[in-house]
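There are 2 protein chains.
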Amino acid sequence: MTENPLHAIMHPRSVVIAGASNNFLKMGSIQAMNLLHGGYHGEILFLHPTEKTVLGRPSYRTAAELPFAPELALLTTPTRVTPGLLDDLGKRGVRYAVITTAGFREMGPEGARLEAELSDIAARHGMRFVGPNCIGVLNAHEGMNLTVCPYTDPPGRLGLISQSGTYVAQTMPYLRDNGIRYSQAISVGNATSIDVVDCLDYLGNDSNTAAIAMYIEGIRRGREFLATATRVARRKPLVALYVGGSQAGARSSQSHTGSLGSPDRLFDGVCAQAGIVRASAVDEMFGWGHALANMPLPRGRRVAILTHSGGPATSMADACERNGLEVPEFSPALQSRIRAFLEPTASAKNPVDLTFVMGQESFIDKIPELLFTSDEIDAVLVHGMMDTGFASEMYKVAGHIFGISREDFIKPMEFDLTRLLELPARYGKPLVASNFLREDHAAETFRDRGVPLFRTPEAAVKALAALARAGEFRKRTEA
Amino acid sequence: MTENPLHAIMHPRSVVIAGASNNFLKMGSIQAMNLLHGGYHGEILFLHPTEKTVLGRPSYRTAAELPFAPELALLTTPTRVTPGLLDDLGKRGVRYAVITTAGFREMGPEGARLEAELSDIAARHGMRFVGPNCIGVLNAHEGMNLTVCPYTDPPGRLGLISQSGTYVAQTMPYLRDNGIRYSQAISVGNATSIDVVDCLDYLGNDSNTAAIAMYIEGIRRGREFLATATRVARRKPLVALYVGGSQAGARSSQSHTGSLGSPDRLFDGVCAQAGIVRASAVDEMFGWGHALANMPLPRGRRVAILTHSGGPATSMADACERNGLEVPEFSPALQSRIRAFLEPTASAKNPVDLTFVMGQESFIDKIPELLFTSDEIDAVLVHGMMDTGFASEMYKVAGHIFGISREDFIKPMEFDLTRLLELPARYGKPLVASNFLREDHAAETFRDRGVPLFRTPEAAVKALAALARAGEFRKRTEA
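Here the protein sequences line up with chains A and B, keeping their order. Offset between the first sequence (1-based) and the numbering used here: plus 4. Offset between the second sequence (1-based) and the numbering used here: plus 4.
Note that these hints are calculated values from the structure, not bench results. Do not rely on the hints blindly, as some may be mistaken.
Heads up, the list lumps identical chains together, so a pair's fine if it works in one copy or across two of them.
Claimed, not checked - Below, simulated DSSO-like cross-link-like pairs (lysine-lysine); rule was C-alpha separation at most 30 Å, straight line: (1) K95 x K353; (2) K400 x K56; (3) K400 x K240; (4) K370 x K30; (5) K353 x K56.
When you get a sec, could you build the whole thing from the sequences and use the hints?
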């Protein structure tokens, strides 16, 4: 078996960039800056027809002048010069490339001819490349960021394969807001030399990647995709957002990456057979992928709901039933053990609704422990914790009345979440949360520690349903 | 016709608060602080059995000792003393109350008996009250906030009626993050004296409220609800989140507000007949309500999509079709007018995908104007603007290379959105947007100026579909 070319592309010891300049509004320059300042330890060289230095580093006029053959080339060059440049790089001994340049197959027959030229040149030199018409690749564990957006979070466990560059790069601030972290991310673009199947095979073997999310507009190698996905899904949960199934989606994807979609139902069949959880929106793809990468898969569909708030409790219960999850009423024995920690007006049936009481340890320690150790449930949903976020809100009106400093007011509201964070792995049950407060110590801790945190109760339930589906796929292959 | 009691409750010239103290962790104190510091101009009095002053203001021991009869009483008192206190207030001449105290019908037979006592007392004195078991009310245009969360945004155009207190109050930081602003919000709780129907009638006549969102666990006066909703929906769009239709939702709502849900299909029928757009999650209820309150209703289902990014373009096109919207290919004439503003690799068919180019005026001025004035489409979707948010991201890596100040780097990226913001009202077509960047000048401007802004392309499409549905309800009643 030949080694997957992505191994070399995602771990290069040297990169040459063509298309970067000293104009920081240009895409190539932005990619270069992200590589220069993303923590990458390899060597970085520049190619530029006229500039002597690029971004403060020496630049070479032609591929032939490069002092050695870099392990990877990044091309963000005008379309017409790109094939010639790839040829020159091949002659210089470069074997791998990422081509972000657009204007190929997605632009019609003339572009398709140019794209075929790229293929011929690569074949002649034994080269493999990602793209063209992509936005670059990221290996967060290597600090190697060839995309257009800085990646500033620590590396994570979610791998991404995307036929949209935006979903690899411009979503990074969104992912950061939600504590979602990449292991590696690959924008496949027109997938001329390296396609989704190659990426799936590669990330399937990457030890830093615990789950894989895919954004798909169309699949060319259907049979290979099914076989590879089936094999990978046995070890790693897969989630896919497929948008090529509608007429409007297919037309848009045609002018985007030149992909041809196949009917929705066909893709549904592939998902069911391979064991891919299908998402219906980009936030689901990321949020579910994040949950799949960081939480154990539940062994069943019985959910416990814990909250301060009746509305979110009811929303969660309702959404569970609509998404195939169960919210069993707890046994009298479990209810009475929970009730020991509740106010008289609170409910212990499931949902457990503590009602409006601030600063309770029962919420984060005692009751979760009862739920995680119980054999009556397979997963735990938590909404709202009223940690420092609510206190911050209150400080706006309470601060001047009580003449108390912000820190003195807010600090005592910080929960110690250590024990709670250990429960999912210890008992093999996922914890999924939602919270309306963004700036909140508990929310920040969840985001920082890989607990999937959503902004609405319903979104948390849907993510848990995705975990349950992945759990059932897993059981089926284990049987 | 008797005047709706909510008019008095939502515009009181004086409020007496029972249940506030100098312990700022207590719910009553929090409500009092929100009233004291929310901009309310009326008189505020306190009732407390032992404290001489509450939150720095004189407090009275009994209702009889109050210097005059306040126009509204807020009760956040222990359950058992609440009926007696209501009686005392009634004797003192108070006619309207908001009772946040819990522990009534939702707690079983003994609670139900206490709740009946509240009704009897109110009947005896000719009183009307919101609650019990609610979280208070907000009239943002009066600065009157009797809820547990500070409301810090300017007043808006969305009215909320909710059987969950959390969705009135604890969601406020979430609403602020999304530029969603209340005109008024009412937490009905157990709805003993004032129910959803009363609220709907009242907000239907409120000139500050342009659309009404409802969170419903169960409806007691079905016939009146249908009649009132039908009447109000002729003038104001209505959106409802109904969670009482599932078994799990019904059980949870029973212990939440003592509501009894009816089957889902029945509620669907009510929505179709009355002209209520039905949401399926709390973010939809708020986001759609916000869009309905701030954008003109489209006259048809033909949508133009404008973006920098092929992935979101395709996601939007796909989501449009799945949600009953059309993304027609533009006429050759319109395409050629649009193409004048595009790079050669960009697409003008619809979606219009400008591809990765920064700082274009065409995005915000020229192309939107062509779309809004065209008779080929009824609504405009925009994803991503690459305004200052992307520049802020880039400054992290570019700042030290170019030795440029943050402001000099970011300021030139600010778009002037004045013309764009005028287009929806001028041409009677809604503008709905999405953006992965939270901190961004364009995003902030949209949030501040009432343009519905969502974090994913799919969420923007669903909101537009809600507008289209409301537009069709409107057409039906006009026909």
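> Between the shortest in-copy and the shortest cross-copy C-alpha distance, which are at most 30 Å for K95 and K353: within, between, both, or neither?
Replying inline: For K95 and K353, neither the intra-copy (71 Å) nor the inter-copy (40 Å) Cα distance is at most 30 Å.
> Under a CA distance limit of 30 Å, which applies to K370 and K30: within one copy, between copies, both, or neither?
Replying inline: Result: close only across copies, 23 Å inter versus 55 Å intra.
> When no copy is named, should K353 and K56 be tagged within, between, both, or neither for a Cα gap of at most 30 Å?
Replying inline: neither (72 Å within a copy, 41 Å between copies)
>> One pair to classify: K400 and K56, alpha carbons no more than 30 Å apart. Within, between, both, or neither?
In response: For K400 and K56, only the inter-copy Cα distance (25 Å) is at most 30 Å; the intra-copy one is 55 Å.
> With identical chains treated as interchangeable, where does the CA-CA distance between K400 and K240 reach 30 Å or less: within a copy, between copies, both, or neither?
Replying inline: neither (46 Å within a copy, 34 Å between copies)
Going through the hint list in order, the structure does not satisfy hints 1, 3 and 5.
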